[in-house]
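Asks: Chains as they are written, first to last, in this note's numbering: chain A, 1 to 348; chain B, 1 to 348.
Derived by calculation from the structure, the hints in this document are not laboratory data.
We treat Cβ as the ideally placed atom computed from N, Cα and C, and that holds for glycine.
Incorrect hints may appear among the rest.
[Unchecked claim] Okay, the calculated bits of chain B under chain A, using three or more residues with CB under 8 Å as the criterion:
no., region
1, 35-49
2, 84-97
3, 102-115
4, 299-310
5, 323-334
[Said to hold, decoys possible] Sample of chain B residues lacking proximity to chain A, with all beta carbon distances greater than 12 Å (derived):
no., residue
6, Ser195
7, Leu213
8, Pro292
2 protein chains.
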Amino acid sequence: MLTSFFDITKSILPFDENAANQARVRQDQLTKPQGSLGRLEDLSIQLAGITGNPLPRIDRPGIFVFAADHGVAARGVSAYPSEVTAQMVWNYARGGAVINVLAQQIGAQLAVADVGVSSVLPEDLGIVHRKIRLGTADWTQGPAMTRDEAMRAIQTGIDIFDASEADLAIIGEMGIGNTTTAAALSAALTGLSPSDLVGRGTGVDDAGLARKLAAIESGLARMPKTSDPLEILSEIGGLEIGAMAGVALAAARRRVPILLDGFISTTAGLLATAIAPAVRDYLLASHRSPEPGHARLLTQLELTPLLDLGMRLGEGSGAALATPLVQAAAAVLRDVATFEQAGVSDRE
Amino acid sequence: MLTSFFDITKSILPFDENAANQARVRQDQLTKPQGSLGRLEDLSIQLAGITGNPLPRIDRPGIFVFAADHGVAARGVSAYPSEVTAQMVWNYARGGAVINVLAQQIGAQLAVADVGVSSVLPEDLGIVHRKIRLGTADWTQGPAMTRDEAMRAIQTGIDIFDASEADLAIIGEMGIGNTTTAAALSAALTGLSPSDLVGRGTGVDDAGLARKLAAIESGLARMPKTSDPLEILSEIGGLEIGAMAGVALAAARRRVPILLDGFISTTAGLLATAIAPAVRDYLLASHRSPEPGHARLLTQLELTPLLDLGMRLGEGSGAALATPLVQAAAAVLRDVATFEQAGVSDRE
């Protein structure tokens, strides 16, 4: 497992400037005023550089949703009880959740994996069973998990992505308490202040928000000072964040664009770049959530979101919604006629 | 024809508050934190009120692109020669333009109609032939068209929409010079200052921008002061803007949401509301273009766009790109399980 993990960090190729330049030249020849598709043009050029294909296609979007519980939830940091993590996994398995409906809308494969739900789920529940432990330990009191468990979380994401044929990787999550974990993890990775990264998550009140901030500050005070991303992950968690980072690493290795969702998904993108900085150029931001930490992390990663619709659900929902825009960017670059092909006059 | 036109303005039903309220209640029962889908929730409620169906579906988006020329183009107000209008109609007929590719991506029916291209197009060109005249007259010198022609432009849009089975109406256009016409038309309809409504369109330089503003000011100074929308349309044009307004009127009569595109499409939406104020509640804004007049008109109509990607192409392209968001909003409202159905605990 160790070999595989270190292999991947060394085998991610840089962004293909040559393919991107070919795409840029072609965009200016297509039958439309130059630049008139705005961000869609930039996005198509980015897709060319990511995939190494000057005429990229996105035909098989894959949504990877990881579920896990968080010991820190016992500190009253969420508006919902921990049982909701498992209940929502049942909901995914039965096709009743928002991400099921959005996956169907965009024709995406949806893989839901249990990497750390705190109750035992039946084996015949139609999900991917890769439980590493029954939720993390409360990281305000001690490490969330062992270093080996953190490695296994990342490896699980790598394995699940590698087993897929996705040509766009959407990373999403479910885990009651995980905005608190994501805030602590991203504070430890970036040095940003917890108060800049904490927010209301699924909707805590002022007292809940104060408990979140106190938990994050005590967790950060407790843990050893380190810049080792694996140690930070094992100290704080979560298991689902590690698995999402694994998907990002494996996707980057296969030159597949990674479409981030909200705050927790973006924290996983940040973790993946801390492990392998080359991942950065494979990341796309689907949307900006009202969770205040999300905008901070997007700035940190120098990513500009495609959508800004006040969405804060997680599950990969914002990324699923933005997927048709990514597909459209590729299709326009590939299929629109040039001025020459169409016999249309260019500017006077 | 007159009968049909006046009939329509009287037969548009108000927004269905009852259906919208049912949708609002249902949104709060779905398995997600209340409000966590942000604008997507508001949009689903709007779709319920527009369609009169508390569980709306958008299955058959229709894109209606109208092409026409503008006499004012002779004043050097565009970066492209007038011939490009006809050339782009050929490009649409052959499937080579951006809107063809986007229509295919979203599975939409695309109808391209010539309502006033300044050259004769071959009858066997696979478009809808409804040419009213060979382009408008230069409205800086006199009326763009007769009142009867303005009526016929609107009626053409009504007829083409009525012949379709669209359950979402996208209105788009092609017409060299039409940002100048749209600025003059919207200034006449709203009283806003031409300098607030003029912009670079497909990309004119500073001198071109000054010529646009001068043309608009002289056109407005020439025409009689009136608040009659039909008279304003006949004074300024364009033929494609009248036809798009006709689609909006007919769509509202059939309780079909109208997804506006950019500045010119939104000017048509404004014209339709000037003819029949009840149309307003059937309008949705797909995106905000960098053309400065667009943001002004969206404010005037109290519409908030879904996308803001720096797109300024027209052809209905921004609306086509936003269509999957509208479909997703309806699908989530209809298909996501409730807390009760899924056995998921609501907030503590």
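Asks: Run every hint past the structure and note whether it holds.
Replies: Comparing the hints with the structure gives:
no.: 1; hint: 35-49; result: holds (count 6)
no.: 2; hint: 84-97; result: holds (count 8)
no.: 3; hint: 102-115; result: holds (count 4)
no.: 4; hint: 299-310; result: holds (count 5)
no.: 5; hint: 323-334; result: holds (count 6)
no.: 6; hint: Ser195; result: holds, 22 Å
no.: 7; hint: Leu213; result: holds, 19 Å
no.: 8; hint: Pro292; result: holds, 15 Å
Of the numbered hints listed earlier, not one is contradicted by the structure.
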